[in-house]
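First to last, the sequence lines map onto chains R and H.
The numbers in the working numbering rise by one with no breaks, and the one at position 96 of the first sequence is 96.
The numbers in the working numbering rise by one with no breaks, and the one at position 70 of the second sequence is 70.
It is worth saying that the hints were derived from the structure and are not from the lab.
As the structure is a computational prediction, the values presented were derived from the model and not from experiment.
Watch out, some of these pointers could steer you wrong.
[Claimed, not checked] Here are the simulated DSSO-like cross-link-like pairs (lysine-lysine), alpha carbons at most 27 Å apart as the crow flies: (1) LYS42(H) / LYS133(H); (2) LYS88(R) / LYS148(H); (3) LYS88(R) / LYS141(H); (4) LYS42(H) / LYS181(R); (5) LYS44(R) / LYS148(H); (6) LYS133(H) / LYS88(R).
[To be verified] Examples of chain H residues toward chain R, derived with CB under 10 Å: (7) PHE4; (8) PHE24; (9) LEU26.
Cβ atoms here follow ideal geometry from the backbone N, Cα and C, with glycine treated the same way.
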Amino acid sequence: MARRDTPEINAGSMADIAFLLLIFFLVTTTMDIDTGISRKLPEKQPEDVEPPVLKMKNVFEVNINRRNEILVEGDQYMQIEELREAAKKFIDNGGGTAEALANENLKVCSWCEGAKDPESSDHPKKAIISLQSDRGTSYATYIAVQNELVGAYNELRDRYANKKYGRDFDKLTSEQQKEIKTEIYPQIISEAEPTK
Amino acid sequence: MSKFKKKKKGMPGISTASLPDIVFMLLFFFMVTTVMRETEMKIKKPQLPKATEVQKLEKKSLVSYIYVGKSKDGSVKGDQIQLNDKVSSVDQVPAFIFQVRSKHSESDIPKLTTSIKADVDANVGTITDIKQKLRDVNALKINYSTLKGSAFDNLKN
Numbered sequence: 001m002a003r004r005d006t007p008e009i010n011a012g013s014m015a016d017i018a019f020l021l022l023i024f025f026l027v028t029t030t031m032d033i034d035t036g037i038s039r040k041l042p043e044k045q046p047e048d049v050e051p052p053v054l055k056m057k058n059v060f061e062v063n064i065n066r067r068n069e070i071l072v073e074g075d076q077y078m079q080i081e082e083l084r085e086a087a088k089k090f091i092d093n094g095g096g097t098a099e100a101l102a103n104e105n106l107k108v109c110s111w112c113e114g115a116k117d118p119e120s121s122d123h124p125k126k127a128i129i130s131l132q133s134d135r136g137t138s139y140a141t142y143i144a145v146q147n148e149l150v151g152a153y154n155e156l157r158d159r160y161a162n163k164k165y166g167r168d169f170d171k172l173t174s175e176q177q178k179e180i181k182t183e184i185y186p187q188i189i190s191e192a193e194p195t196k
Numbered sequence: 001m002s003k004f005k006k007k008k009k010g011m012p013g014i015s016t017a018s019l020p021d022i023v024f025m026l027l028f029f030f031m032v033t034t035v036m037r038e039t040e041m042k043i044k045k046p047q048l049p050k051a052t053e054v055q056k057l058e059k060k061s062l063v064s065y066i067y068v069g070k071s072k073d074g075s076v077k078g079d080q081i082q083l084n085d086k087v088s089s090v091d092q093v094p095a096f097i098f099q100v101r102s103k104h105s106e107s108d109i110p111k112l113t114t115s116i117k118a119d120v121d122a123n124v125g126t127i128t129d130i131k132q133k134l135r136d137v138n139a140l141k142i143n144y145s146t147l148k149g150s151a152f153d154n155l156k157n
């Protein structure tokens, strides 16, 4: 009796099947990586805590009203394009004298390249940006302002990193980044409750 | 003479025997990288604002999303919030955060990030309400989801 061979399965259409699946997954794949501006919210304070007293010259006030207009330091009407430079000028001012800063365990800001205006911020560690918006402000403007303020810090950090280490900030080791983040240009952006 | 007859030279056909292997390789790549959209949008898909100073969100499993946008058919005025698969109110945000936390181990909880995907036309008031609720439950790491691009483009239209 002749042995009957099992017939081989035809694999010729395998490629077609695989192609079909491939095209399905190609179409459904979304390759987007989520990006965004990361912020840390302040912790909830007990009601009876006194807010710390700040010198007005160390606070950079940014107000956005419901018509998406920007007011800086209470009296300057500003376009969004100018905000970054203004914020940099304020953070980088370094106007504090050695005696005044010694009380607060700080040294004169030797890396600041600002105008050293005594009417503006003393030290990047003391410089606070205060942001107040209205409930009716559009999210677009709000994000643009946040972006410019974060951008001002990023530019200053990059400048310092390039001068000291010869590299951009994000190419530094994590220790070096930490040093800049805490000692050189800490990002202090405070958000006030929006006006109704 | 036929012994020395020249063989007719033709172009040899390209072997397609390895084609399935190549296609399968690509197929597996796309199968592995595909992320199926888990949430269905119940509100109009938010048009995200653009920004330049963006950071990548790593560890997708540690990120939860809050969508803010207009209602789909325009029947409800104002901003709507979507948590998971439901259109919700701001008051449900803490419950949402607790639900997310219950799915993660204790050590991951401080690393949990809340990504706010809000439409460019949303009001800051809505966002502030959400942020206030997040502060109440100590979910402090947030991320304003944006696309890459010049932030000034947001304001042009």
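Hints and how they fare:
1. With a C-alpha separation of about 22 Å, the suggested pairing of LYS42(H) with LYS133(H) holds against the 27 Å cut-off.
2. In summary, the hint linking LYS88(R) to LYS148(H) is supported, as the alpha carbons are separated by about 22 Å, within the 27 Å threshold.
3. A threshold of 27 Å between alpha carbons decides the hint, and for LYS88(R) with LYS141(H) the separation of about 25 Å falls inside it, so the pair holds.
4. Between LYS42(H) and LYS181(R), the direct Cα distance comes to roughly 40 Å. Violation of the 27 Å bound is thereby established for this hinted pair.
5. At roughly 31 Å between alpha-carbon atoms, LYS44(R) and LYS148(H) are farther apart than 27 Å, so this suggested pair is violated.
6. Straight-line distance between C-alpha atoms of LYS133(H) and LYS88(R) comes to about 32 Å, which puts the hinted pair past the 27 Å bound.
7. The beta carbon of PHE4(H) is not positioned within 10 Å of any beta carbon in chain R (closest approach about 38 Å), and the interface hint is therefore violated.
8. Contact between PHE24(H) and chain R, as hinted, is supported at the beta carbon level, the nearest pair being about 5 Å apart and thus within 10 Å.
9. For the restraint placing LEU26(H) at the interface with chain R, the shortest Cβ-Cβ distance is roughly 6 Å, inside the 10 Å limit, so the hint holds.
Checked against the numbered hints given earlier, the structure breaks hints 4, 5, 6 and 7 and satisfies all the rest.
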